Amino acid sequence: MNRFLIVFLTLLISSAFAHTNEHANLGEQASSIKASGKVFHESISIIRKIHPEFLRHKRDKTLRQGVRTDEYSLKGCVSCHVNKDKTNNQYRSVDKKGQFCSDCHEQVSVSLDCFTCHRTIPKEGSL
Amino acid sequence: MNKTLNRRDFIKTMSATTIGVATVASGITLTTFASTNKVPVTNEKRWGMLIDTNKLTEADIDGMVSACQKEQGWGSELYSTGNQKPGWIKKLKVKDKATGKVSNLALMCQHCEEPPCVDVCPTNASMKREDGIVLVDKHLCIGCRYCMMACPYDARSFVHETLRNQKEHMPRGKGTVESCTMCVHKVDKGEVPACVASVNSDAVIFGDLYDVSSKINQTLKTVQSAQIRADLNLNTGIRYSGI
Chain Z
1 MNRFLIVFLT LLISSAFAHT NEHANLGEQA SSIKASGKVF HESISIIRKI HPEFLRHKRD
61 KTLRQGVRTD EYSLKGCVSC HVNKDKTNNQ YRSVDKKGQF CSDCHEQVSV SLDCFTCHRT
121 IPKEGSL
Chain B
1 MNKTLNRRDF IKTMSATTIG VATVASGITL TTFASTNKVP VTNEKRWGML IDTNKLTEAD
61 IDGMVSACQK EQGWGSELYS TGNQKPGWIK KLKVKDKATG KVSNLALMCQ HCEEPPCVDV
121 CPTNASMKRE DGIVLVDKHL CIGCRYCMMA CPYDARSFVH ETLRNQKEHM PRGKGTVESC
181 TMCVHKVDKG EVPACVASVN SDAVIFGDLY DVSSKINQTL KTVQSAQIRA DLNLNTGIRY
241 SGI
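Protein sequences, first through last, are from chains Z and B. Okay, so the first sequence: first residue is 1 according to the UniProt record's numbering, each after it adds one. Okay, so the second sequence: first residue is 1 according to the UniProt record's numbering, each after it adds one.
Just so you know, the hints here were simulated from the structure itself, not pulled from any lab data. Note that this is a predicted model, so its numbers are computed, not measured. Ideal Cβ positions, reconstructed from N, Cα and C, are used throughout, including at glycine. Hints should not be assumed to be uniformly reliable.
[To be verified] Covered stretches of chain B, going by a simulated chain Z footprint (3 or more residues, C-beta under 8 Å):
1. 59 to 71
2. 178 to 192
[Claimed, not checked] With a straight-line cut-off of 27 Å between C-alpha atoms, the simulated DSS-like cross-links for lysine-lysine are:
3. B:174 with B:45
4. B:55 with B:97
5. Z:75 with B:70
6. B:70 with Z:96
7. B:167 with Z:86
8. Z:75 with B:128
9. B:215 with B:90
10. Z:84 with B:97
11. Z:123 with B:45
12. Z:61 with B:128
13. B:167 with Z:58
14. Z:75 with Z:38
15. B:215 with B:85
16. B:55 with Z:61
17. Z:75 with B:174
18. Z:84 with B:167
19. Z:86 with Z:58
20. B:55 with B:174
21. B:186 with Z:61
22. B:189 with Z:123
23. B:70 with B:91
24. B:167 with Z:96
25. B:91 with Z:75
26. Z:123 with B:186
27. B:38 with Z:58
28. B:174 with Z:123
29. Z:38 with B:93
30. B:38 with Z:61
31. B:186 with Z:75
32. Z:96 with B:174
33. Z:58 with B:45
34. Z:61 with B:70
35. B:221 with Z:58
36. Z:61 with B:167
[What the hints assert, rightly or not] So the derived list for chain Z, only partly shown, Cβ under 8 Å to chain B, looks like this:
37. 58
38. 64
39. 65
40. 66
Start from the sequences and build out the full structure, keeping to the hints where you can.
Written out as C-alpha cells, the structure is:
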C-alpha cells in the first residue's frame with residue numbers, strides 16, 4: 001500500500017512540475033514579448049486550456065464567412081512561436097519533436113492534426 | 001393619462017423616428033465598410049469572371065495555370081501520377097466540328113449558383129459562400145470524392161500524397177478534395193485572383209456580377225457570352241465569350 005502511495009505522490013509531484021516548468025521552446029518572438037513584460041494572450045491558462053476552441057471558431061468564421069482577422073489565427077501562432085536553427089538559418093517546423101506545438105501535445109498525449117494541411121513555418125521570404 | 005395621438009402628431013413622431021433610425025443605420029453601414037474583413041460576407045455580391053476566348057491566347061492560359069500553381073502551391077506533387085495530379089485550372093481545346101474553329105479555354109471551378117458538389121456532399125464540407133464562391137472545408141472533408149463525381153466540369157482534384165510547406169493561406173492535405181477558390185484570400189483583401197492578374201490584356205475580367213457599375217457587369221450587358229453546359233441550369237459564375 002505504501003509503495004502505491006509513493007508512486008502516486010511521485011506522479012503527482014512530477015505532473016505538477018511538468019505544468020510549472022518554463023517552456024524551453026516558447027519561440028523567439030514569443031519569448032521576447034514575454035521578456036518585455038507585454039501581454040499578448042489575456043490569460044495564459046485560458047489560452048493553454050481552450051486554444052483548440054479558439055482555433056475552431058476562427059477557422060469556421062474565416063473559411064465560411066470570410067472574416068479574416070489576426071486574432072487566434074493559426075498563421076499568427078506559428079509565426080510567433082516558431083524557432084530558427086542558428087546553424088543554417090532555417091525555421092524549425094512547430095510540429096517537429098521538441099518544438100513549441102509538439103512539445104506540449106506529446107506530453108499530454110493529444111494528436112496534433114492541424115499541420116497535416118497547414119504550413120508549419122512562416123511564409124517563404126520572411127526569413 | 002388618456003392622451004391619444006391625433007393623426008398629425010402621429011406623423012410628426014413617426015418621421016422623427018424614421019430620420020433617427022436612418023441616421024443610425026447609415027452610421028452602421030459606414031463602419032462596416034471601413035472594416036470589410038471583420039464582417040461576414042453577404043449575398044449582396046456575387047463574384048464572377050468573364051473569359052474572352054477570342055482575346056485569350058494559349059500563352060495567356062499557360063500563364064494563368066502557372067500563376068495559379070505559384071499562388072496556391074499545387075503542381076509539384078512528387079508521387080502522384082497521371083490522373084492523380086491536381087489540376088485547379090486546365091487548358092482545354094474545343095473544336096467546332098462543322099467549321100473547324102479551335103478555341104482555347106481556361107477551365108476551372110465554375111462557381112455555380114446551384115453547385116452539384118454542394119448538393120451531394122455528405123458532410124457539408126463542400127460549400128458555397130454567401131458571395132458565390134464555392135469552397136471545400138477541408139476540416140470536414142472525409143475524402144469520399146462524391147463531389148468530384150458530381151461536378152460536370154471535372155474541376156475538383158484529390159490530394160493523394162503527404163504534403164509539406166503548403167502556402168500559408170492555402171492549407172492542403174492528403175485525403176481531401178480541392179479546387180479553384182477564386183483566390184478567396186486575395187478577393188477578401190480587395191485584390192483580384194492570381195490568374196486574372198497574370199493576363200495582361202482584358203481577356204479575363206473579374207468582378208461583382210451584381211454591381212451595375214462593375215466592368216464585368218457592363219461587359220456582360222454588351223457582349224454575347226455563354227455558360228459551359230448552360231443546359232444544366234447551374235448559373236455559373238464563370239462566363240465565356242467567343243465560344
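For each hint, the structure was consulted:
1. Note: the region 59 to 71 of chain B has 0 residues with beta-carbon separation from chain Z under 8 Å; the three-residue rule is not met and the coverage is violated.
2. With a threshold of 8 Å between beta carbons, the proposed coverage of the region 178 to 192 of chain B by chain Z holds, since 4 of its residues qualify and at least three are required.
3. Restraint check for residue 174 of chain B and residue 45 of chain B: the C-alpha separation of about 33 Å exceeds 27 Å, so the hint is violated.
4. Taking the CA atoms of residue 55 of chain B and residue 97 of chain B, the gap is about 21 Å. The hint holds against a cut of 27 Å.
5. A threshold of 27 Å between alpha carbons decides the hint, and for residue 75 of chain Z with residue 70 of chain B the separation of about 19 Å falls inside it, so the pair holds.
6. A distance of roughly 26 Å separates the Cα atoms of residue 70 of chain B and residue 96 of chain Z; the hinted pair therefore holds under the 27 Å criterion.
7. In summary, the hint linking residue 167 of chain B to residue 86 of chain Z is supported, as the alpha carbons are separated by about 24 Å, within the 27 Å threshold.
8. Restraint check for residue 75 of chain Z and residue 128 of chain B: the C-alpha separation of about 24 Å stays at or below 27 Å, so the hint holds.
9. A hinted pair counts as satisfied when its Cα atoms are at most 27 Å apart, and residue 215 of chain B with residue 90 of chain B qualifies at roughly 25 Å.
10. A C-alpha spacing of about 60 Å is found between residue 84 of chain Z and residue 97 of chain B, which places the hinted pair above 27 Å, so the restraint is violated.
11. Among the hinted pairs, residue 123 of chain Z with residue 45 of chain B is inconsistent with the structure: their alpha-carbon atoms are about 30 Å apart, more than 27 Å.
12. Among the hinted pairs, residue 61 of chain Z with residue 128 of chain B is consistent with the structure: their alpha-carbon atoms are about 14 Å apart, no more than 27 Å.
13. Of the supplied pair hints, the one linking residue 167 of chain B and residue 58 of chain Z holds, its CA atoms being roughly 18 Å apart against a limit of 27 Å.
14. For the hint linking residue 75 of chain Z to residue 38 of chain Z, the alpha-carbon distance of about 20 Å falls within 27 Å, and the restraint holds.
15. Straight-line distance between C-alpha atoms of residue 215 of chain B and residue 85 of chain B comes to about 35 Å, which puts the hinted pair past the 27 Å bound.
16. At most 27 Å may separate the alpha-carbon atoms for a hinted pair to count; residue 55 of chain B and residue 61 of chain Z exceed this at roughly 39 Å.
17. Between the alpha carbons of residue 75 of chain Z and residue 174 of chain B the distance comes to roughly 20 Å, so the proposed pair stays at or under 27 Å and holds.
18. Taking the CA atoms of residue 84 of chain Z and residue 167 of chain B, the gap is near 19 Å; set against the 27 Å cutoff, the hint holds.
19. Distance restraint check for residue 86 of chain Z and residue 58 of chain Z: the Cα-Cα separation of roughly 33 Å exceeds the 27 Å cut-off, and the hinted pair is therefore not satisfied.
20. Between residue 55 of chain B and residue 174 of chain B the alpha-carbon distance is near 37 Å, which puts this suggested pair outside the 27 Å criterion.
21. The hinted pair formed by residue 186 of chain B and residue 61 of chain Z meets the criterion: a straight-line CA distance of about 16 Å does not exceed 27 Å.
22. Restraint check for residue 189 of chain B and residue 123 of chain Z: the C-alpha separation of about 18 Å stays at or below 27 Å, so the hint holds.
23. Simply put, residue 70 of chain B and residue 91 of chain B have alpha-carbon atoms about 16 Å apart, close enough for the 27 Å limit, and the pair holds.
24. With a C-alpha separation of about 18 Å, the suggested pair residue 167 of chain B and residue 96 of chain Z falls inside the 27 Å cut-off, and the hint holds.
25. Simply put, residue 91 of chain B and residue 75 of chain Z have alpha-carbon atoms about 33 Å apart, too far for the 27 Å limit, and the pair is violated.
26. A distance of roughly 16 Å separates the Cα atoms of residue 123 of chain Z and residue 186 of chain B; the hinted pair therefore holds under the 27 Å criterion.
27. Simply put, residue 38 of chain B and residue 58 of chain Z have alpha-carbon atoms about 11 Å apart, close enough for the 27 Å limit, and the pair holds.
28. The suggested pairing of residue 174 of chain B with residue 123 of chain Z holds, with an alpha-carbon distance near 20 Å, which does not exceed 27 Å.
29. Straight-line distance between C-alpha atoms of residue 38 of chain Z and residue 93 of chain B comes to about 59 Å, which puts the hinted pair past the 27 Å bound.
30. Annotation: proposed proximity of residue 38 of chain B to residue 61 of chain Z holds, straight-line Cα distance about 10 Å (limit 27 Å).
31. Taking the CA atoms of residue 186 of chain B and residue 75 of chain Z, the gap is near 16 Å; set against the 27 Å cutoff, the hint holds.
32. Proximity of residue 96 of chain Z to residue 174 of chain B is assessed by CA-CA distance (about 19 Å); at most 27 Å being required, the pair is judged to hold.
33. Restraint check: the Cα-Cα separation between residue 58 of chain Z and residue 45 of chain B comes to about 23 Å, which is no more than 27 Å; the hinted pair holds.
34. Restraint check for residue 61 of chain Z and residue 70 of chain B: satisfied, since their Cα atoms lie roughly 26 Å apart, inside the 27 Å limit.
35. At roughly 39 Å between alpha-carbon atoms, residue 221 of chain B and residue 58 of chain Z are farther apart than 27 Å, so this suggested pair is violated.
36. For the given pair, residue 61 of chain Z sits about 20 Å from residue 167 of chain B by alpha-carbon distance, which is consistent with the 27 Å threshold.
37. With 8 Å as the threshold, the beta carbon of residue 58 of chain Z stays out of range of chain B, its nearest partner Cβ sitting at about 11 Å, so the hint is violated.
38. Because the smallest distance between the Cβ of residue 64 of chain Z and any Cβ of chain B comes to about 7 Å, under 8 Å, the interface hint for this residue holds.
39. With a cut of 8 Å, the hint placing residue 65 of chain Z at the interface with chain B holds, because the nearest CB-to-CB distance is about 4 Å.
40. With a least beta-carbon distance of about 4 Å to chain B, the hint placing residue 66 of chain Z at the interface is held under the 8 Å criterion.
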